[in-house]
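Q: Here's the letter readout for the chains.
2 protein chains.
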Amino acid sequence: MSLLVVGSVALDNVETPFDKIENALGGSSTYISLSASYFTAPIYLVGVVGEDFPKEHIDLLQRFGIDITGLEIIEGGKTFRWGGKYHYDLNVRDTLFTELGVFENFDPKIPESQRNPDFLVLGNIDPALQLKVLDQIESTKFIVCDTMNLWIENKLDELKEVMKRVDVLIINDSEARLLTKEPNLIKSARMIREMGPKYLIIKKGEHGALLFSEDKIFSAPAYPLESIFDPTGAGDTFAGGFAGYLDSTDDLSFENIKRAVIYGSTMASFCVEKFSVQRLTELTKLDIRERFLEFLELSRFNEK
Amino acid sequence: MSLLVVGSVALDNVETPFDKIENALGGSSTYISLSASYFTAPIYLVGVVGEDFPKEHIDLLQRFGIDITGLEIIEGGKTFRWGGKYHYDLNVRDTLFTELGVFENFDPKIPESQRNPDFLVLGNIDPALQLKVLDQIESTKFIVCDTMNLWIENKLDELKEVMKRVDVLIINDSEARLLTKEPNLIKSARMIREMGPKYLIIKKGEHGALLFSEDKIFSAPAYPLESIFDPTGAGDTFAGGFAGYLDSTDDLSFENIKRAVIYGSTMASFCVEKFSVQRLTELTKLDIRERFLEFLELSRFNEK
Chain A
45 MSLLVVGSVA LDNVETPFDK IENALGGSST YISLSASYFT APIYLVGVVG
95 EDFPKEHIDL LQRFGIDITG LEIIEGGKTF RWGGKYHYDL NVRDTLFTEL
145 GVFENFDPKI PESQRNPDFL VLGNIDPALQ LKVLDQIEST KFIVCDTMNL
195 WIENKLDELK EVMKRVDVLI INDSEARLLT KEPNLIKSAR MIREMGPKYL
245 IIKKGEHGAL LFSEDKIFSA PAYPLESIFD PTGAGDTFAG GFAGYLDSTD
295 DLSFENIKRA VIYGSTMASF CVEKFSVQRL TELTKLDIRE RFLEFLELSR
345 FNEK
Chain B
45 MSLLVVGSVA LDNVETPFDK IENALGGSST YISLSASYFT APIYLVGVVG
95 EDFPKEHIDL LQRFGIDITG LEIIEGGKTF RWGGKYHYDL NVRDTLFTEL
145 GVFENFDPKI PESQRNPDFL VLGNIDPALQ LKVLDQIEST KFIVCDTMNL
195 WIENKLDELK EVMKRVDVLI INDSEARLLT KEPNLIKSAR MIREMGPKYL
245 IIKKGEHGAL LFSEDKIFSA PAYPLESIFD PTGAGDTFAG GFAGYLDSTD
295 DLSFENIKRA VIYGSTMASF CVEKFSVQRL TELTKLDIRE RFLEFLELSR
345 FNEK
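Chains as they are written, first to last, in my numbering: chain A, 45 to 348; chain B, 45 to 348.
Don't read these hints as lab results, they were simulated from the structure. It cannot be assumed that every hint is accurate.
As the list makes no split between identical chains, a pair holds if one copy fits it or if it spans any two.
[What the hints assert, rightly or not] Cross-link-like lysine to aspartate or glutamate pairs, in silico, DMTMM-like; alpha carbons within 25 Å at most: (1) K208 / E270; (2) K302 / E338; (3) K248 / E238; (4) K248 / E270; (5) K242 / E341; (6) K248 / E226; (7) K348 / D331; (8) K348 / E258; (9) K318 / E334; (10) K348 / E338; (11) K318 / D63; (12) K260 / E341; (13) K225 / E270; (14) K231 / E202; (15) K231 / E59.
Let's have the full structure, built from the sequences with the hints guiding it.
A: Structure follows, in structure tokens:
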């Protein structure tokens, strides 16, 4: 098994109603890789940072077995920085600043030895860059793609090209509606699947997630969290757990993809319990398994 | 088994983006009774109508075995009328008019022979009236109560009294947040349960429903409908299927209450497929069983 992740690596300043943190490790490929590392290996991370990127963050990624051969460090450059503030209900966030730094000219280069990964996860970056990644891949079994409203609004043509070439698209409910201009989520899902991806996952935050294939739908519950500390990275963490689990099992049946959605949800439910990637650095396999079983109990009923 | 329903009986004018209908049979106790009639008998309906209430509606209720001894018909009076218009996304509706008619002075009188029902369903009416009903009940095994934002905003003291005396409260997510001023639904649910009801069901429309007991949570999926014809009465229909199924089984275990939530969701998913109570008058037990099994398939996964 092997899993290639391409996305952003960032330094985040995050403020919530409870606390704040500065220069925390962030970025889509960081969350994806750490989350996937609980399930599979090797994981190849491709991204870019500046000379200011703290060595402790590099050490952390390596401690989790993540291969950073593909992480470019630009001399004299500045790492992508994002600052955000969450409000009381934690569903609303303001971006306080975005300093692209070296990410502005990110031109993903996949090391030659990493061009045949079993799994490829395209983190949430400009679909034009996602296409550049796809063009460098020689062979792979399964491609997972994340995106966001910014690209739906500004890079729709490129995104549609990407969608034709991936196995799973992961978006949230408001993005699905934005992409299709269709308020009914089930209809919207059908329209998106017709654009290319074999499977579609629509994340609905506190309402769980939906998985769509050509002829099946799976409804995954949300973990009932009484408090969410920091929602940053939850979507990326979902994608990492989803892809990592699938890669580790080498079973692409719908039944197993359902389990992967639950493992993705499990990892995301941990992610939001602490700031930044902190919770993702202290889990055990037993923690993950126990929460997976809680998800099972939460939605299980029988016909009698 | 026996089930007593107290609520409104109305004539509805409904306009959706697809069609419109006038003088349709409506009202909370109507939907609750019809929905429950697929599961249990006898069903006693207590309500009030005017002399203008069409005989065909009376005939319909009786055809479904509903005992209308407790349905007062006020000579010279006018039946409660409601007019509503749904917009394109069907989550938003405008009330065009409300003519209370005889409902304005509704003073529920439970026939003597009906004061010991196995199940009591308090439809969504003024909690002051719900209290009057409770005061007339001599004994019952299980009380289900529905309410709405109007009473939370205007009759909170009475509603709190009701909540202390019922087994299950059914509300929707925005009402739960309104009642507790707490954005986190899980925290909100705990706060509501502390107000009295042993069980709480929070309906979330297209996102399914949550069932809470003292120490357990059950997450029920929503049926994936590509088109919703008329949402009127869906909440009442849920309550009727929920209570009707439970009454028929005489099993108040959490496992069985979970199934009741799914039967409630099943009936509500049928209700919205056609105008007014129409779909609820043409179902078979097989239709209901098949959809119940679709709900099972929709949310089922296993641990491998």
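Q: Each hint: holds or not?
A: Hints versus structure:
{"no.": "1", "hint": "K208 / E270", "result": "between (39 Å within a copy, 24 Å between copies)"}
{"no.": "2", "hint": "K302 / E338", "result": "both (15 Å within a copy, 16 Å between copies)"}
{"no.": "3", "hint": "K248 / E238", "result": "within (21 Å within a copy, 28 Å between copies)"}
{"no.": "4", "hint": "K248 / E270", "result": "both (17 Å within a copy, 17 Å between copies)"}
{"no.": "5", "hint": "K242 / E341", "result": "between (29 Å within a copy, 20 Å between copies)"}
{"no.": "6", "hint": "K248 / E226", "result": "both (16 Å within a copy, 19 Å between copies)"}
{"no.": "7", "hint": "K348 / D331", "result": "between (31 Å within a copy, 17 Å between copies)"}
{"no.": "8", "hint": "K348 / E258", "result": "between (30 Å within a copy, 23 Å between copies)"}
{"no.": "9", "hint": "K318 / E334", "result": "within (19 Å within a copy, 43 Å between copies)"}
{"no.": "10", "hint": "K348 / E338", "result": "both (21 Å within a copy, 15 Å between copies)"}
{"no.": "11", "hint": "K318 / D63", "result": "within (10 Å within a copy, 50 Å between copies)"}
{"no.": "12", "hint": "K260 / E341", "result": "both (22 Å within a copy, 9 Å between copies)"}
{"no.": "13", "hint": "K225 / E270", "result": "between (33 Å within a copy, 14 Å between copies)"}
{"no.": "14", "hint": "K231 / E202", "result": "within (23 Å within a copy, 42 Å between copies)"}
{"no.": "15", "hint": "K231 / E59", "result": "between (37 Å within a copy, 22 Å between copies)"}
Violated hints: none; the structure is consistent with every hint.
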